[in-house]
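Asker: These protein sequence lines are chains A and B, in that order. Just so you know, numbering that gives the first Met the number 0 puts 172 at position 173 of the first sequence, and the rest follows in order with no gaps. Just so you know, numbering that gives the first Met the number 0 puts 278 at position 279 of the second sequence, and the rest follows in order with no gaps.
It should be emphasised that the hints constitute simulated quantities derived from the structure, not laboratory data. Check the hints yourself; a few may be wrong.
[As the list claims (entries may be wrong)] Calculated cross-link-like contacts (lysine to any residue; reagent style SDA-like; alpha-carbon spacing at most 25 Å):
1. A:Lys40 <-> B:Lys74
2. A:Lys40 <-> B:Asn77
3. B:Lys160 <-> A:Gly139
4. B:Lys160 <-> A:Pro81
5. B:Lys314 <-> B:Gln186
6. B:Lys279 <-> A:Pro81
7. B:Lys279 <-> A:Gln54
8. A:Lys16 <-> A:Lys137
9. B:Lys403 <-> A:Ser48
10. B:Lys403 <-> A:Lys141
11. B:Lys403 <-> A:Ser128
12. B:Lys279 <-> A:Lys40
13. B:Lys403 <-> A:Pro51
14. B:Lys60 <-> B:Asp47
15. B:Lys286 <-> A:Gly80
16. A:Lys183 <-> B:Arg46
17. B:Lys160 <-> A:Ser32
18. B:Lys314 <-> B:Thr172
19. A:Lys141 <-> A:Phe70
20. B:Lys160 <-> A:Ser48
21. A:Lys183 <-> B:Trp56
22. B:Lys406 <-> A:Phe70
[As the list claims (entries may be wrong)] Partial chain B-side listing against chain A, Cβ under 7 Å, derived:
23. Ser23
24. Pro40
25. Ser128
26. Gly144
27. Tyr198
28. Lys229
Note that this is a predicted model, so its numbers are computed, not measured. Just so you know, even glycine gets a beta-carbon here, dropped at the ideal spot from N, CA and C.
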Amino acid sequence: MSKQHQTIKGKAFVLGKNIDTDQIIPAEHLVYSLDDPEERKFYGRHALSGVPDEQSGLPQGNIPLVDEDQFESEFSIIVGGPNFGCGSSREHAPASLDIAGIEAIIAPTFARIFYRNSVDGGFVIPYESLQDLSQEVKTGDKIEIHPEKQTVTNITQDTSYEIRPLGSVANIVNAGGIFEFARKEGMIDVKN
Amino acid sequence: MGMTLTEKILANHSDAASVEPGESVWVNVDVLMTHDVCGPPSISIFRDQFGEDARVWDKEKLVIIPDHYIFTEDKYANRNVDILRAFAADQDLPYFYDVGSEDYKGVCHIALPEEGFTRPGEVLFGTDSHTCTAGAFGQFATGIGNTDAAFIMGTGQLWVKVPETMRFDFHGTSMPPYLMAKDIILQIIGDIGVDGATYRTMEFGGPGISCMTMEDRMTLTNMVIEAGGKNGVVEPDATTEAYVKQRTDKPFEPVYSDPDANYHSKYQYNLEEMVPMIAKPHSPDNKARVIDLEGTTLDRAYIGSCTGGKLSDFKAAAEIIAGNNLKIDTYIVPATTEIADGLETETLNGKPLIDIFREAGCKIGQASCAACLGGPSDTFGRLNNQEVCISTTNRNYPGRMGSKESKVYLASPYTVAASAITGKVTDPRVFIHETII
Chain A
0 MSKQHQTIKG KAFVLGKNID TDQIIPAEHL VYSLDDPEER KFYGRHALSG
50 VPDEQSGLPQ GNIPLVDEDQ FESEFSIIVG GPNFGCGSSR EHAPASLDIA
100 GIEAIIAPTF ARIFYRNSVD GGFVIPYESL QDLSQEVKTG DKIEIHPEKQ
150 TVTNITQDTS YEIRPLGSVA NIVNAGGIFE FARKEGMIDV KN
Chain B
0 MGMTLTEKIL ANHSDAASVE PGESVWVNVD VLMTHDVCGP PSISIFRDQF
50 GEDARVWDKE KLVIIPDHYI FTEDKYANRN VDILRAFAAD QDLPYFYDVG
100 SEDYKGVCHI ALPEEGFTRP GEVLFGTDSH TCTAGAFGQF ATGIGNTDAA
150 FIMGTGQLWV KVPETMRFDF HGTSMPPYLM AKDIILQIIG DIGVDGATYR
200 TMEFGGPGIS CMTMEDRMTL TNMVIEAGGK NGVVEPDATT EAYVKQRTDK
250 PFEPVYSDPD ANYHSKYQYN LEEMVPMIAK PHSPDNKARV IDLEGTTLDR
300 AYIGSCTGGK LSDFKAAAEI IAGNNLKIDT YIVPATTEIA DGLETETLNG
350 KPLIDIFREA GCKIGQASCA ACLGGPSDTF GRLNNQEVCI STTNRNYPGR
400 MGSKESKVYL ASPYTVAASA ITGKVTDPRV FIHETII
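Chain A extracted, bound-state conformation:
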């Protein structure tokens, strides 16, 4: 598996700046088991449910990531403003976005723990953009991320933007998470 090199296509869901982990998955929902397939689905249902309604799915607003009676989203790429994922260390945050069907997040900057959790847990891939694309992309636009070319194309608007290389975490993203990486490197015994 070489996640880093795959082109990711999907509909964009746009958010503003400083989307914190309480907005991504409010604390009251952190009680479900991530192991139980039935309970796990609720992380998908409540993903981004803490975002104030008017700021959910910009620029229109009032668009939920996941419809009320659903567990997965029709959107697969989040485009956010600066400091995406600030706040708590809850890994449930990138996990809930993953469970909701999000594959990648594009933002100019990420909060440290969220970024790290996204990578080490093998959840969503955090791509840093050179400019704040939340000002350019509209919710529902068709987006393609080309990691090898380090570009993002907005098919709907026929525009293209640069993203930064993943840098030192690329190996972990490629491996699919810190455990897979550590096994490849011989740091821990290969299970099974």
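Once you've looked at the hints, dock chain B against the given chain A.
Answerer: Okay, now just chain B, sitting in the frame of chain A:
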């Protein structure tokens, strides 16, 4: 080139003789802390990755402190504590502070120093973003997720990107009587922004730091994550040593920044020129001087959490509340059971603090995180509607304390207490001049 305290600790705990900001190193972990929210999924990943019969790398170094969702009827939240309990028994963990037992402590970030786990020069990871609090003791301490915690449980190691260090020097020889560490950190976060320290260390020093208690320093380092900081740190001194030696017999080696260490940036603050500060909804960097918001109507006051529920915080609040009636519902939540005991034994003018709060009509909760982060709907003090709350906690994001319709102002215990008396945002200096100076 010299190293900062943080760089030096990371070098000491890796194979490297020296480290530089930006490079990734694998460090050996001295303490891993987890709690009831992130412990169960971390345990699950640990078992999944290392096998059902796997043993943690060093049971003396794993500390489990349930604190978040403790006093609730929520069956899933209670199940989380059951999972911790079973794991601690299975692994024979000596440091599990079980709910309902004599060992129960309360909020992990305050329990860790109380129990002697915050030792200068060491590396501490915790599955909670406010793990950075322990940096007050000259320790490298930062928050991680479940996967990283599971990795440490199995290997005792974790990769770390060495952060650049920002230096904050305090000038002045004493804290003005109306100023609290909370005012200082709200000023700094407001100055640099909620992402002003992303991926970096915030190192606090200067002559002013020596007049701060360990509790003051913990308030500073607790909130570095609110500026995006990886860790906060204060160089150890006699105050640090006295606290730590009172709490543990384990040896430790204090580490200090070299005089020629390289800093990303340097900031200067004069304690004597600082004033009570407040963070407006919905961001910790949405700063204002309290005096400029005076008269803002409030529905509730909340004094508690890892950043505002220490004994010094309640002493400060009691100084202002004593003998006054409160205009709004005021919640008191001690961070730990030790602090709860302190409310009974600590007195002001001969009266226990707990009596001062009771007589004023405060609602007093049990030691835990309580409403600091919302939690299940029956959580003590949770904001369930459109309340406007002034709080000593550390975050005021939309919906943080419960309802998306609520609003939270962050302030010092002095300011929260003064505002509880008037029902409006109130500069505490009025009350402090009357009662203390």
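Asker: Check each numbered hint from earlier against the structure, then list the numbers of those it violates in ascending order.
Answerer: 3, 10, 11, 12, 17, 20, 22
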